[in-house]
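Protein sequences, first through last, are from chains S and Y.
Numbered per our numbering, the first sequence spans residues 727 to 1228.
Numbered per our numbering, the second sequence spans residues 332 to 655.
Please keep in mind that the hints were generated in silico from the structure rather than gathered at the bench.
By construction, the Cβ of each residue, glycine as well, lies at the ideal position given by its N, Cα and C atoms.
Treat the hints loosely; a few may be bogus.
Stated by the list, open to error - Computed cross-link-like contacts, DSS-like style, restricted to lysine-lysine with a CA-CA straight-line distance of at most 27 Å:
(1) S:K1041 - Y:K645
(2) Y:K510 - S:K1050
(3) Y:K640 - S:K849
(4) S:K880 - Y:K645
(5) Y:K512 - S:K1050
(6) S:K856 - Y:K512
(7) S:K779 - Y:K443
(8) Y:K645 - S:K874
(9) S:K1041 - Y:K640
(10) Y:K512 - S:K850
(11) Y:K510 - S:K843
(12) S:K874 - Y:K536
(13) Y:K536 - S:K839
(14) S:K843 - Y:K512
(15) S:K1029 - Y:K642
(16) Y:K640 - S:K1070
(17) S:K874 - Y:K512
What the hints assert, rightly or not - Chain Y regions said to be covered by chain S (calculated; three or more residues, Cβ under 8 Å):
(18) 502-512
(19) 519-531
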Amino acid sequence: MALNEENVILKMTGITKRFPGTLALDNVDFICEKGKVHVLLGENGAGKSTLVKIISGVYTRDAGTIWYDGKEVNFTDVRQAMAAGIGMIHQELSLLPERTIAQNIYLGHEPMKKGLKGVVDYKKMIQDSKELLDRLGVELDPNIPIHKISIAQKQMVEVVKALSQDVKLVIMDEPTSSLTSREIQKLFNIVEKLKEDGIAIIYISHRMDEIKRIGDSVTVMRDGQYIDTLDAATVDLNVLISMMVGRKIEKMYERNYCQLGEVVFETENLTGLRFRNVNIKVRAGEIVSLSGLVGSGRTEIAKAVFGYDPIDSGKIKLMRKEIKRPTPIKSVANGMGFLPEDRKSEGLVQPMTISENMVSACLTKTFPSRFLNTKKESEIGEKYVKSLKIATPDVNKVVEELSGGNQQKVVMGKWLETGCKFLIFDEPTRGIDVGSKSEIYKLLDSLTQKGYGILLISSEMNEIIGISDRVYVMKEGEVTGILDRGELIQERIMHYAVGGKE
Amino acid sequence: MLKWIKKLNIPGIAIGDIVLFLFFCAVAEHFLSGYNLILILRNCSTLLIVAIGMTLTILVGQIDLSVGSVVSMSAVVVALLNNAGAPLILTILIPLIMGAVVGFINGILISKYKLDFWIVTFSTMSIMGGLALVIANGETISTKNEALNFIGNGRIFGIYTVIWLTVLVSAIVIFMLKKTKFGYNIYSIGGSESVATASGIKVVKNRTMVYVLSGIFAALSGLVIACMTNSGSPTVGHEYTFSAMAAVVIGGTSFEGGKGGMVGTIFGTMLLRILASGLSLMGIPSTWQKAIIGIAILILIVTDVISEKRKNMKGLRRVYLDVD
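Let's have the full structure, built from the sequences with the hints guiding it.
As structure tokens, this is what we get:
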């Protein structure tokens, strides 16, 4: 792409960022021009958010250089980046629900009364807020507290907040994820106005259709690496998808598809806090996956099914029996196991031993006498250490000393011991090294051989494609597509996850 | 009429105050007498000054358990300094500086070194409470000074000096919370520390300042108590920590932080003092009073938690715009 050096507002070269255990950004280059919308594209975990957090001063880089507005800069906290004219619209709404719209817009940089040190000029704040809201065509009274407005309106307030200071560069991290098409149009009108004022915009999105609507250029990232920058007007969307998805699937997955048994789990028009009309069916011997982007409602379904969160309407059936008003106690009693995403705080009691954790979900079943029997406890521990190949010198080791993969196996052992028939795995391989990953997949496969039904929630496409019998793809709380084993390719899953129905 | 009341934004607890007041007027003899009403106000003032500091710490989402001990320590220090013949200005300033130092230590350990606020303020509570007993030799020290007595028991334009003082301090803090940058920051930090940080607010500095103020207000209350009673007792502040917490919470300031304010605390303090006065005048023994006050607080907090939970659920819900 031709680049007009004079127009460059931001230039990043060789940006590298390490987090414990992962290389989040690997030698990334990025350039942004005034008055242009630069789309940043990539899968979950590709490093987009990390990159913009480095620009806005939330993280500091480990290596690389940043030129901004003609100078080399080194922001060490948010305040410096803000003062330099970098505005950020966060993915998670960062507004204070109890404060008014005006107070939120000017959070941290309230207008002060002249001559009175430290006294906020609320009148001016309201007036300025009104002006800003009007200028951007948002019809809202700046005096209302945030908790009284809708999520979409909050998103607009976020935009206004970012523009309340003199900005030269605005970063928008998935600003449309909770907006309707009409509101998106409004937001795009705002973006057009910003462009006219010569403001540069970094726009992170998963929605392919938006790239051509507002993007000038598009940069693709994958696994923390810079892939390419292309002209948004002429780019072929299919090319972009394959660039995002990229890597070849390794031979990590082994799946011996077997004879399916009866239906172990079923939902009918299940509607809850963040999803609606969900119909899922899992049979014995089957791995069924929920795919979709972050925030599409996958985990929320699992939590509602297990009984953490309330359900509005619809039915849940376990072993063909309807579970009314599910609670975790009822779910476990009826043969469900739940392996949460956050093993550390929700899956295991960290300071307890392997065997203690193994029996923790079924104490009454294991010890009908109601008294603990450490010998029996150890036997159960030994059994799973052997069958699940947990790497430990003995069963009395405290679980916090185990690696992520071995901890996950202990959680599996804990549920198998309850005698359940249906297991929900929420991101079972997150934060686990490659070797242990393939072991977990083998274990999942062997569970299906033994007649377990499995519901898998995962952000990793490869994993889903590699081991699923069937995939439900979700977008904004609804199932937008169902794909069977033979139809599983990343592009199709992505299509349903970001686009519409067929 | 209703709209007008709504516009004034009076916390619901004010109605509780009025109902309770009318109730005691009806059932407790001598409750509605000039003497008793002034007594209630005077009793309110010492608690309210402590509760002001407590409002600030609870607004930033934390708590200061050390205030009661600082009250005691301050009262003892005032009595000792006066008996030692210290000049009036030092007798007033030294306890306040002592409060500020304790607050600063709490604040810096909690915000800068990220120690748990329960543990830190529990420790300083224990330290200050113990030291107060040590320097007072475990006894109440009586003291005499015209100027101090004027602060505690004198009147300006027919109204007690302590009441003037309390009104003044409350007004300053209300102004501070509603109109100044520092007040805004307190709400922001309490509302969400991560949002405050991402908005460029200096969380460590502001939070430390809140603890310093909490310490100063507790010391001021101790000073006032010493002036009112012409003595310094090393245990006089014992009940203040939990009474102040109760006043704040009854006043609608939430332990989650970022929600509530000073006006509620004033009504909360009055509710506690009206209850105590009314129950005593009804002849109910002080042992029972405690239990009854406890039940009242519990009811208020339970309703608060339930409504808060409902609101949170509402916020989590995904909104579909094709359904009406």
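Here's how the hints hold up against the structure:
no.	hint	verdict
1	S:K1041 - Y:K645	holds, 22 Å
2	Y:K510 - S:K1050	violated, 51 Å
3	Y:K640 - S:K849	violated, 33 Å
4	S:K880 - Y:K645	holds, 14 Å
5	Y:K512 - S:K1050	violated, 51 Å
6	S:K856 - Y:K512	holds, 20 Å
7	S:K779 - Y:K443	holds, 23 Å
8	Y:K645 - S:K874	holds, 10 Å
9	S:K1041 - Y:K640	holds, 25 Å
10	Y:K512 - S:K850	holds, 14 Å
11	Y:K510 - S:K843	holds, 11 Å
12	S:K874 - Y:K536	violated, 31 Å
13	Y:K536 - S:K839	holds, 22 Å
14	S:K843 - Y:K512	holds, 9 Å
15	S:K1029 - Y:K642	holds, 20 Å
16	Y:K640 - S:K1070	holds, 26 Å
17	S:K874 - Y:K512	holds, 24 Å
18	502-512	holds (count 3)
19	519-531	holds (count 10)
In this structure, the earlier hints numbered 2, 3, 5 and 12 are contradicted, and the remaining ones agree with it.
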